[in-house]
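K.L.:
Read off the chains here:
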Amino acid sequence: MTLVSAERPLVPRNNLRDLLGATIVLLVGVGCYFVFPDNLAFLTMLLSTALLVMSLDLVTGVGGVATLGHAFIYGAGAYAAGIASVNGVSDPLVLLLIGAAAGTVAGVVSGALILKGHGLSQLVISIALVQLASEGVNKASSITGGSDGLSGLTIGPLFGAFEFDLWGRTAFWLALAIVIVVAIILRRVIRSPFGMICRGIHRDRIRVRAMGATIFLPLLKMYAIAGFVAGLGGALQAVATQVVGLDSISFTTSAEALVMLIFGGTGSVFGALVGTFVFMWFEHVVSAASPFHWLILVGILLIGVVLFAPKGLYGLVAGLLDRRGA
Amino acid sequence: MILFLNILSDAFVYGMVLFTISVGLSLAMGLMKIVNLAHGAFAMIGGYIASFMTQEQALPYALAVVVAVLGAMLIAVPLERLLYRRIYGTSELTQVLMTIGITFVIIGVANYIFGPTLKTIPLPETLRRNVDLGFRTMASHRVFVAFCGAAVAVGLWYVIERTAFGVKLRAAVENEKIAASLGIRTSVIFSLSFALATGLAAFGGVIGAELLPIEPYYALTYMVMLLVVVCVGGAGSIGGALTACLILGFVDTLARYLLPSYGAFFFYAAVILIVLVFPNGLFGRKASQ
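Residue numbers (our numbering), protein chains in the order written: chain R, 1 to 326; chain W, 1001 to 1289.
Treat the hints with care, as some may be off.
Some, not all, of what chain R presents toward chain W, calculated at C-beta under 10 Å [as the list claims (entries may be wrong)]: (1) 118; (2) 139; (3) 142; (4) 199; (5) 251; (6) 292; (7) 295; (8) 296; (9) 302; (10) 304; (11) 310; (12) 313.
With a cut-off of at most 30 Å between alpha-carbon atoms, the simulated DSS-like pairs for lysine-lysine come out as follows [unchecked claim]: (13) R/311 <-> R/116; (14) R/116 <-> R/221; (15) W/1033 <-> R/116; (16) R/139 <-> R/116; (17) W/1033 <-> R/311; (18) R/221 <-> R/311.
Quick list of simulated restraints, FRET-style, between CB atoms [stated by the list, open to error]: (19) W/1056 <-> R/90: 40 to 46 Å; (20) W/1088 <-> R/192: 35 to 41 Å; (21) W/1257 <-> R/193: 30 to 36 Å; (22) W/1162 <-> R/143: 54 to 60 Å; (23) W/1001 <-> R/151: 21 to 27 Å; (24) W/1116 <-> R/36: 43 to 49 Å.
Keep in mind the hints are simulated off the structure, nothing from the lab. All C-beta atoms in this analysis are idealised placements derived from N, C-alpha and C, irrespective of residue type, glycine included.
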């Protein structure tokens, strides 16, 4: 808190970090493209999950809302895009916008409900919401495909020129571009006065209230932004894989997103990216060998992160860098 | 009418199983302020031990139940000392993550040792008979389960409200420092109550195995259900947990009888409704924010 007065000289450094971070993400992305050309579908999936985790970071890491039901929003985006596509919309960008819009609505709805509770009841409302949605989607199988999932999406070429090919090149580049743009915008949102209020609510809501600010509205607004991002992620997944499954709107996906966020570190966009990247690579490699070994490994890592690195991987690295810089 | 009575009696049994497993969690969450998502994992440990004891060691059912409860408690105490103790008083998020981690490790280790198959716990002859309830016949095992649930409720109430241990526990919860200065060894009290909570979980897991089968992902499957039940009832309240289990057990059973294709839809709709109307749970104390 004493650092607030020193905020001004930090601004150019923040811009530098934005640029540096974006460049690193771009380089890693390009590197992965050339090193793992056969895994592009997986990498695209990873990028779309990164959008979900970044969105979760906005409400959990920045706003301090405990939720285990964030996939409700992701799934809303995925199913909105999927249903629109089955009903004749084929332009990928329009589909992404539809998904993001649906995500925004879902974000506002879940925010309005979840923010009514606090602590434990917040968690339970969020879980109940995603479970309810999942059962609802399963039941409405004539529209959503039920437990078989929604398939038969037809996606037109991007900008009318780039086909979504069998190797997933177009989808990968599209996903990478979206993730980088969203990451930079979100970093600015978090730094803005509005983001500051949300962080303040997270730290000490009584003081924020004493300052004369409301608690509910900023967080709801944050939920709307988070909804846009997660909906975009869901739609991206639908466009890239051309199927939408029930797992996109499940408790498991919500919990996994939270785990990834904590691995990377809450409260910073790059933390969310690092967490998603590391977690999903590990999962990709280890769980293929044995699902139970994978569970033990993740469990131990989780306990270790809580005990020894409460700020996550990115927090650990950023802490070291800051110490050197100071 | 007969249908309604059938639903009601099934719902009652189901609610009692839920209650037996979740009351320990309610205790831990209300008294020790810890969101323990690994609670179901301890029920699973109990089930695995009981299955191993009856199937491989040919122990009688009653003895296997005792061994399972003691075994789960033995595993729980060092975990409480080493891991849980560090997250008392931290945010819900930290507790959720730590206990999800513990759950993952327990699932992984249990299945590594005992193999990833469905575990059955064969019932003794007396529990396999049918009992005539007047309007229907029911497996005597289900009646036994309902009685166990009621016994747990009464026993636990007695321990907390009427024994010296209960007084010390409530004192330690109310104000740990003052309780300690009065000579109460609070860390021992917390360890004991944690062991009690896990013991109850294991007990519920074993006797409820016919209704909630012991499978490799048991701990994850019922994790949400247990948390929901405790929150709806109000953490820390035995009566609240009992009411919540009976209400939610009824909603779930009713929906499964009448509208099976909707799955758990109405269950979760009821949960959201109740939590919105009673944010501290049906019988919960007003939480300090």
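K.L.:
Let me make sure I understand: some of the numbered hints might not hold for this structure. Which ones are they, in numerical order?
P.N.:
3, 4, 12, 19, 21, 23, 24
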